[in-house]
Every structure is written in structure tokens, then in C-alpha cells.
Amino acid sequence: MAETAQMKVSDEVAITIQGMNKWFGSFHVLRDINLTVYQGERIVICGPSGSGKSTLIRCINALEEHQQGLIEVDGTVLSSDLKNIDKIRSEVGMCFQHFNLFPHLTILENCTLAPIWVRKTPKREAEETAMHFLEKVKIPEQADKYPGQLSGGQQQRVAIARSLCMKPRIMLFDEPTSALDPEMIKEVLDTMIELAEEGMTMLCVTHEMGFARQVANRVIFMDEGQIVEQNEPEEFFNNPQSDRTKLFLSQILGH
Amino acid sequence: MEEHLSVSFVRTEPLPQLPPPATEQGIVKWLRENLFSGWLNTLLTVLSLIFIYKLASDTLPWLLNGIWNTDSLAECREILDGTTGACFSVLTDRWNQLLFGFKYPSEQYWRPTLAFVLLIVAAAPVLFFDLPRKMLIFTGLYPFIAFYLIWGGTIWTPIFALLGFVVGYVVYSRLVRNSFATAFFSGIAAALVSWWLGGFLTDLLASETPALEAVQSRDMGGFMLNMILGTVCVSLSLPIGIVLALGRQSDMPIIKWICVVFIEFIRGVPLITLLFVANVVLAYFLPPGTSFDLILRVIIMITMFASAYIAEVIRGGLAALPKGQYEAADSLGLDYAQAMRLIILPQALKISIPGIVNVSVGLFKDTTLVSVISMFDLVGMIRGPILASTDWNGVYWELFLFASLLFFVVCYSISQYSQWLERRLQTDHR
Ligand SMILES: Nc1ncnc2c1ncn2[C@@H]1O[C@H](COP(=O)(O)OP(=O)(O)OP(=O)(O)O)[C@@H](O)[C@H]1O
Ligand SMILES: [Mg+2]
Chain A
1 MAETAQMKVS
11 DEVAITIQGM
21 NKWFGSFHVL
31 RDINLTVYQG
41 ERIVICGPSG
51 SGKSTLIRCI
61 NALEEHQQGL
71 IEVDGTVLSS
81 DLKNIDKIRS
91 EVGMCFQHFN
101 LFPHLTILEN
111 CTLAPIWVRK
121 TPKREAEETA
131 MHFLEKVKIP
141 EQADKYPGQL
151 SGGQQQRVAI
161 ARSLCMKPRI
171 MLFDEPTSAL
181 DPEMIKEVLD
191 TMIELAEEGM
201 TMLCVTHEMG
211 FARQVANRVI
221 FMDEGQIVEQ
231 NEPEEFFNNP
241 QSDRTKLFLS
251 QILGH
Chain B
1 MEEHLSVSFV
11 RTEPLPQLPP
21 PATEQGIVKW
31 LRENLFSGWL
41 NTLLTVLSLI
51 FIYKLASDTL
61 PWLLNGIWNT
71 DSLAECREIL
81 DGTTGACFSV
91 LTDRWNQLLF
101 GFKYPSEQYW
111 RPTLAFVLLI
121 VAAAPVLFFD
131 LPRKMLIFTG
141 LYPFIAFYLI
151 WGGTIWTPIF
161 ALLGFVVGYV
171 VYSRLVRNSF
181 ATAFFSGIAA
191 ALVSWWLGGF
201 LTDLLASETP
211 ALEAVQSRDM
221 GGFMLNMILG
231 TVCVSLSLPI
241 GIVLALGRQS
251 DMPIIKWICV
261 VFIEFIRGVP
271 LITLLFVANV
281 VLAYFLPPGT
291 SFDLILRVII
301 MITMFASAYI
311 AEVIRGGLAA
321 LPKGQYEAAD
331 SLGLDYAQAM
341 RLIILPQALK
351 ISIPGIVNVS
361 VGLFKDTTLV
371 SVISMFDLVG
381 MIRGPILAST
391 DWNGVYWELF
401 LFASLLFFVV
411 CYSISQYSQW
421 LERRLQTDHR
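As you go down the protein sequences, you meet chains A and B in turn. In this text, residue positions in the first sequence follow UniProt numbering: the first is 1, and each later residue adds one. In this text, residue positions in the second sequence follow UniProt numbering: the first is 1, and each later residue adds one.
Just chain A, with the same shape it has in the complex (with noise of 0.2 Å):
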């Protein structure tokens, strides 16, 4: 842990949001969101179930369209210009809950489709990082699979792999474990903590507290749109200010 919080934090921006609001319908999901990332930081978003985190984080590379305020990342300023769009999700990687493999394609076309399509590079190149990632996610071996032939952990580490080919700078992850078994949760933890390790910015909404504690520079409390809280982890979870941060994490960590 002493290690992980020396994890170095530059004070280059990565991400900006400004004045930020989203409405579904007459529905007012995101209020008023400000919020700034650093390179390098390790951010944990946390909140009682519809309080807005998925909405948050799929903004920040435009699968939700906001309505209001400023969102900037790595120096491009999203707006409803294609181009942008589709600059900055090549830039910021994502995984879903469900994982969202491509069924029809084998574990290594999934890492490779993105780098040859989007980024043009040479099949044998794309490849041969594929398969670097793989390794690292500790998965080579299953690389000429079909996603339905592999476990949960091992769909959420190839999608993780997946995003990791695109050479993201930055990596969200929306609840990355809550669709798995408690003994696969840990192989993907794993995976992310060693991301970390590396200095990758993340942006991570999880109920994992322990994975927030070990890793997070920060952790955002949300509720009902708006950020509530946020701190240090240790200040966080040790010495809450706001009473629904009270009540949350009385609740979430069991009494």
C-alpha cells in the first residue's frame, strides 16, 4: 500500500469537467458535475445504485450525450463534432459490466479490430501487440477462442486487454466485477491494480472498497446526480463528513 501511494500523479490534465448537467427527458441525472483528472490519478466512483455513476463515466467518452457544461479530454474538447467523438474514444478505453466481447470474432480478432480498422496498423503488428496484452492480462493461450467458450473473469480480462490494444490513456471501467463470481473478481482486480501500478489514469466505478483503499489516489461519493464527497481514501472511509456518505458506507461495508 505504501508503494501504491507513491504511485507518482502529474500535474498535467487529463480530464476536465465543467458546469456539467444531463438530463433524460425532464429527468436531471447529472447536476452540476465538476471535476478534474490528472494524468496518472486513480479514481474510485462510488454511490448508491442510480445516482448517476454510469452516466457520469459514459459521458466522458460521449456514449451519453450531455446537455450542459464542458467536458474536455486530453486536450479535445468534446462536442457533437464526429471527429472529436470519435478522436477521444480512441484515446479513453472502456469495460463494461457485461463485458460486451463481439461473440462472432475470436479473443484475438477482438484485440486486434480496433487497432487495424481505427488505427491502421499492419495485421502481424496489431498481433503481436494483441498477443502482448494477452499476456499480460495472463490469458495467450485462449487467444484463437470464442468469447463464449471463456469464464466471466477471463471475458472481463480479455475485454480489458481489448481496450488496452488501442494504447488508451486513459481507462474507464463501469462496475468491472459486479457481473462475477466472488473468486473471479480477484483475477480482475489483479489485472487492474498491476494497470495502476503502471501509471495508467483510471476512472473505475466499483463497490470494491478494498480495491478503492489499496489503490485509489481519490474516491468520488455520488448521490442523486451530484457529487457529494470526495478524498483521499483513507480520509474517506475513516473520517466520512456527509451523512448520506455515513449511511452509505455503513451500509455497502455491512455495519
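Note that these hints are calculated values from the structure, not bench results. Don't be surprised by glycine CBs; every beta carbon is placed ideally from N, CA and C.
According to the in silico footprint, chain B covers these stretches of chain A (three or more CB under 8 Å from chain B):
| hint | stretch |
| --- | --- |
| 1 | 89 to 96 |
| 2 | 114 to 124 |
Derived pair list, reagent style BS3-like, types lysine-lysine, alpha-carbon separation capped at 30 Å:
| hint | chain 1 | residue 1 | chain 2 | residue 2 |
| --- | --- | --- | --- | --- |
| 3 | A | Lys145 | A | Lys167 |
| 4 | A | Lys167 | B | Lys323 |
| 5 | B | Lys350 | A | Lys145 |
| 6 | B | Lys29 | B | Lys54 |
| 7 | A | Lys87 | B | Lys256 |
| 8 | A | Lys167 | A | Lys83 |
| 9 | B | Lys323 | A | Lys145 |
| 10 | B | Lys323 | A | Lys123 |
| 11 | B | Lys323 | A | Lys136 |
| 12 | A | Lys120 | B | Lys350 |
| 13 | A | Lys83 | B | Lys323 |
| 14 | B | Lys323 | B | Lys256 |
| 15 | A | Lys145 | A | Lys186 |
| 16 | A | Lys145 | B | Lys134 |
| 17 | A | Lys136 | A | Lys186 |
| 18 | B | Lys134 | A | Lys120 |
| 19 | A | Lys167 | A | Lys123 |
| 20 | A | Lys145 | A | Lys123 |
| 21 | B | Lys323 | A | Lys186 |
| 22 | A | Lys120 | A | Lys167 |
| 23 | A | Lys123 | B | Lys350 |
| 24 | A | Lys120 | B | Lys323 |
| 25 | A | Lys123 | B | Lys134 |
| 26 | B | Lys323 | A | Lys87 |
| 27 | A | Lys120 | A | Lys87 |
| 28 | A | Lys83 | B | Lys256 |
Assemble chain B with the ligands onto chain A, guided by the hints.
Same frame as chain A, but now just chain B with the ligands:
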């Protein structure tokens, strides 16, 4: 604590595998389980056997006693002399008419036959993707070769038609890096211009006596006509159906609206009325003096009809895909065309295979409807020239049995192929 000890159990050695008991194996078991497992099952088995026997004892003599080599029905009846037997000689006598119609020049029969053989070569790499991809070049050329073989005339027509496509494609691929829409419409414009120029050049270059004698569309007939209509319409309606299905899902209201109206209109109208429209009404809309080939008109109508149905089938496939697939494709930075081509359509089409095959088989059989607008396809030939002739007036069973058999062979093959394809594409092993 003490009570728990009594239920504790630990296996120390694994049990060996044993073969099943002898009465549970072999043909006897199969018969007992499947045919005679109870009094109701036994009764049904016996009834079915009686039914099969009756059917066979009535039809087999008729089939086996068939006459194959007379020139007319009267002659055949004479030979049969009151005994049961089929007059299959109508098939041998009118074989060429059944296959090619009654106006196609008989010394040219080799041309459609060759076109049919080449069709198999051209279709193979599309149907079986393990075959070398180079064969697709021939598939691309095939429509022009087949057109030249079947219709004949000057060779410049198919050459300039092909050139138009090539020019359009070259223009498209030059511009596509900048913008898809510009490239697409410039490509179409370039192709149209080169066809227009090609039209003039064809007139200049065409010699008085072409290498292959020209055959008019109205002289096409027989099963050949069904094959032409079936193949062309199926291969055109699949891509058009895909475009319509995507258009219907589009975010752009005008495109969506056009697709919805087209699909709903076509689905609400019987094919036969569309064919009558093709036959009669279309002529009103054309500038006077232009002759718009009847086969082409019919192809347009059947294709429109089939593509509306295929579009709906594919829309079902698209709707069945989880939203996560779209999101994963988006989050990797794939653009719309890439996401559709690489992620969405391969999966949606796979789900839609049974529906697409259903529509294709139906379409192929529906090509016999053209007999109603006095085209002489297989059914048209039978109902018209053959049954109306004095020689063969009255041989219904043999002729329609033959027609059914031909269609059955083709449709059953399509269905078998689709089942093979589904198994082949199976990658979700759960
Ligand atoms: N596409 C949508 N249309 C309308 N409402 C939506 C849509 N997606 C989410 N919502 C609503 O927005 C709110 C926030 O949803 P979100 O998925 O961001 O919550 P969350 O914090 O991720 O919850 P969970 O922990 O259950 O994943 C919820 O009330 C949800 O019902
Ligand atoms: Mg969520």
C-alpha cells in the same frame, strides 16, 4: 458436535465405469422405445404402416410402369392399353421447352446451359467462404458473362456495363478517404456518365453480325426464366434489404421515413398486383418510344417485394443484438460504417439466416407467378404451349409432378445449405 459425526462421509476410492445393461442397447431397444412403447404408440405405428403401404401400392405401379418414349398422349395410352402407368414421355418429348421455353433458338441451348454451370462456379466462393478468395473475381464478372451468354448480341453491351461499375468504383475509392457521402454520389455519377457514353459507343462499335446471336427477352422461358428471376432477385434483394433495414433504424428522420413507407407499402400489396403493374402500368410512366425490357421490369418488382420482406427480417436481427455490442464498437472508436460492417451486421445477419432463407425460398417459388402475366416460365410453359398442344392435352400429373420436383430440389438445397451455414457460424458455445 457429536451428532454431526454420524453423517460425515469421505469417498476413498473412485467408482469404476461400467457398461449399460444388455437389454438397454441395440435395435431392439430402439424399436421398443420408439415404435411400441405403449398401446397408443403401437396403434399409431400400425396405422402409419398401413397408410404407407396403401400410398405405395397405388403410386408405385403408376411410377414404375411409366412410358418414356412416345410422341403423343394418344400413342402413350395405346401402349399402356388400360393398365395404370404414367406418360412421362411428355417430359422427354418437351424436355427443351420445359427448360428453355419454346422460342429460344434450339441451336443456342448450350449458352444458357453454360451460364448455369458457370453460376455454380460463381456462387461457390460466396456460399462457401473456405474457398480461395481469388474466386470472387470471377463472381464479380459473372453477371456480365451470364448476360452475354443468355441474351447474346454485341459484346460491347456487357463490357461497357462492367466498365461503368469499374469507373464508379475507382472514383469512389479515390474520394472515400475524405467523405463517404461525396465519394458515394460521385461514384454513382461517374458510373452513370460512363454508361451514357458507353451507350453511344456500343451503337458505333456493334457489328452487323454479332458473335452470339441476340435473343430477345420475350423469347426466354421455361425453368431457365425461373432461374434467371430467382437468382437475380435474391442476389439484389439481400443488399437492398440490408440498406432498407439500416435506413429504418437511422437517426435521420427523412431516410427513416422513406424506408418505413417503402417497406410498409410493399408489404401491404400482393406480389401479383405488382407484377401486373410491371406488365401494364409502368409503360405509362416511360417516355413514349422507349422499350423497357419486360424481364427487367419484372425483376425490379420482385426485387422490391423481396427486399421489403428481407429488410424486416434483418430488422428483427438488429433488434435482437444487445445494446452493449453497439456501445463496445463505439467505445473502441469504430465509425458507423465500420461498426455496422464488422460488428453489427455479421451478428444480425447470422440471427436472420432462417428468415432470409424463408423469404428467398418463397421468392424463388413466386417466380412462377409471372405465368399469370403471360410470360412462359416453367408453369407458364406447362399451362400454355404444352397442355394446349393436341399431342399432350390432358397430362397434368406428370408435368406438375416434374415442376414440383425441380422446385423442390432447388428449395431443399437452399434450406440444407442454410442449416449448414448456421452450424458453421455457431460460435457461442453456451
Ligand atoms: N437511457 C436512459 N433513459 C432514461 N433514464 C435513464 C437511462 N439510463 C439511466 N437512466 C436513469 O438515470 C439514473 C442514473 O442511472 P445510472 O445508470 O447512471 O446509475 P448508476 O449510478 O450507474 O446505478 P447502478 O449502480 O445501478 O449502475 C437512473 O435513475 C436511471 O434510471
Ligand atoms: Mg451503473
